[in-house]
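Number of protein chains: 2
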Amino acid sequence: MIIGGGFAGLWATRALAGDDVDITLVDRANHHLFQPLLYQVATAGLSAPAIAAPLRHILRRQRNVRVLLAEVTGMELSSRQVKLHTGDTLAFDQLLVAGGATHAYFGHDEWAPHAPGLKTLDDALAIRRRVLMAFERAEAARTEAEAAAELHFAVVGGGPTGVELAGTLAEIARHTLKHEFRSIDPRRARVRLIEGGASLLSSFPPQLQAKTRAQLERLGVEVLTGTPVSAINAEGYRAGADFVPCKTVLWAAGVAASPLGRLVAAGREAQLLDRAGRVKVAPDLSLPGHPDVFVAGDLASLTQANGRPVPGVAPAAKQMGAWVARNMRARRAGRPTAPFAYRDYGNLATIGRMAAVVDLRGLRLSGLPAWWFWLAAHVFFLIGFRNRLMVLIEWAWAYWTYERGARIVLGADRPADR
Amino acid sequence: MIIGGGFAGLWATRALAGDDVDITLVDRANHHLFQPLLYQVATAGLSAPAIAAPLRHILRRQRNVRVLLAEVTGMELSSRQVKLHTGDTLAFDQLLVAGGATHAYFGHDEWAPHAPGLKTLDDALAIRRRVLMAFERAEAARTEAEAAAELHFAVVGGGPTGVELAGTLAEIARHTLKHEFRSIDPRRARVRLIEGGASLLSSFPPQLQAKTRAQLERLGVEVLTGTPVSAINAEGYRAGADFVPCKTVLWAAGVAASPLGRLVAAGREAQLLDRAGRVKVAPDLSLPGHPDVFVAGDLASLTQANGRPVPGVAPAAKQMGAWVARNMRARRAGRPTAPFAYRDYGNLATIGRMAAVVDLRGLRLSGLPAWWFWLAAHVFFLIGFRNRLMVLIEWAWAYWTYERGARIVLGADRPADR
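Protein chains in written order, with my numbering: chain E, 1 to 418; chain U, 1 to 418.
No lab work stands behind these hints: they were computed from the structure. Some hints could be false.
Put simply, identical chains are the same to the list, so a pair is met inside one copy or across any two.
What the hints assert, rightly or not - Only pairs whose alpha carbons sit at most 20 Å apart, straight line, appear in this in silico SDA-like list of lysine to any residue:
#1 K119 / A282
#2 K178 / G384
#3 K178 / T24
If you're wondering where the values come from, they're calculated on a predicted model, not measured in any experiment.
Produce the entire structure from the sequences given, and follow the hints as far as they go.
Take a look at the structure:
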């Protein structure tokens, strides 16, 4: 049984294609999501179906897999059983739990309604709605101050997602919406990227951090580092000492493991979970004490031989998934399992139109070459030929016209409700 | 002031591009929707942004227009004022009300939650979610009877929308989902099209009605005519004498005018509104007693010289919109207005893959030639070059592979809520 159809779960499933096993893949969404491009859906550059594919469709030819759309609500590892929201109980011989991560508000859950995070397609459509509606409300505003509060966009968190969101928001305000409003000038919109730590993209070398900041500022983003956010409500946010009126705060800061971590650790939380709720796995990715239960992807916490943690990125999740398949096979054959070793091929982050940073062990790029590299890598890794083609076409179009093809507000029929 | 950015409102706005007027276009959605292809979004063939474009974007170069995203909550025609949901009041010199239509349940509003209709993009995404989730629940069903109820799809109403939905659902079950399930065979799904009247597509000649029925049956649709539906609830529906267990009923039957009709007619409902709530306009499309207020599109009720009503179709709405622009201009110049005459270029309806019917005054097509004609006409009329290109590519892909690119369940994060 494999819980979770993200990178770790899907790669494990595929790696078991040739094995004589019956796989049940359980996910609560009907699709695998290419999360690295989720910010493009949030910023109306891509439609939701362009970066997602139904799990059933991806796996339709793999006859040893059964895909089940369900939510796991309980686990009893000693009797090898998993409980679903339907009340059904499923038995397993070997289990991979790959529930991923969600966003966290550092103990301030009351910020959630005012500062949506970005983990699912529904999150992305909610952020798209907020951003587009802010410009609409600014156009209808009665006073300058009201319009200014609507045209202030704050992104909290200077990791890759925060950088992508801030850069793209600036591009939308400066280019995409030009000519479209009559009462406001969208180019007056203020986009702020606020990071509590000392620098943006903390996993990148300092030289690329500086380039990132410079590229963002060239796009028109105000970058604040070393400035923790201490309050967020419907009227605005407090960064450092100032309370700033702002109607659109986006959250790209904290990460918390999926609640499946608690189900896996049941009774041993203090021993097995790290501060973010991730499961501290054994070197072979198994759960300590349960050699046939594995945890992989963003839900797993593992320290590499060099003392650094395996990062929560897509390539690590894919590698862990495939590695679990190997260790499951070893267990079934009575052979010893092998410890996981992460192969770090490098780090990329995009910033905006023709701006990105790339750090590939020695090769460091920024600006236009980095952007082309990022584009090629992401289109290459996007699942499914059709999606790749569609994304390429949408991007080619957007590149030439500055248009963003998915600027459609969905999910609420009446403006009064939005 | 123009209320409504559908075909009538948008065509009126564009026709006034050269006039020395200040236009405010009010709509409660941020986009113009190409409604004739909405069933493709509902059946996961197209993504929502493929058939919609932001009104602001369409009109960005027309400097005499201001687009306002708002809901009209009141009108005072004698003092020439319109009230918005924000509390703001806007004054006008000339007004076009083009609020369109929605679906109606013949006085059975309690059917609405069990039989969603198809008028907006949100409706389409809700139907997509229902249809895809029905197959998912069938796969997880514990008994044969439970699976059969999930795999029964009933479409109520044999007009163009009902025919399109039923034909496409049959295609999905027979082709698209083949290979993807392990416990059920999606080809066993039963698709029923239920019409209370004597025939499908009542506005077509009898010979094409018969062809439509034959083509639907070849696709695997059960067609019931002369069978009114008398009950719909969470367990199923009653058609004729039988109560049939069914979890997915789609509504494509009744049409009711937008509630804006009541605001326009305020105090004179009995005199001005027809049974569906449409406004009975004067021959020049003005509101009787208010020569500077016009009603067009699906909200207008007008009988042609030949005694037949102007139909509620996109070409009629576009023609009316452009005609209103002309009459508004005449009024401003002190010239007499002219009565509207509908130019009927014909009638098309699509049924499914390579099946359609076309009735063009004398030229009658069915099957593959009709389908090609339908395809060309719809792609041609789709607004915006980019959307046209994307839709063509999506269709070419779907045509060769039977894949439907937008099979992504959106709008509810947890299966337990869906």
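Here is what the structure says about each hint:
no., hint, in the structure
1, K119 / A282, "neither (27 Å within a copy, 54 Å between copies)"
2, K178 / G384, "between (34 Å within a copy, 18 Å between copies)"
3, K178 / T24, "between (50 Å within a copy, 19 Å between copies)"
Hint 1 from the list above is the single one not met by this structure.
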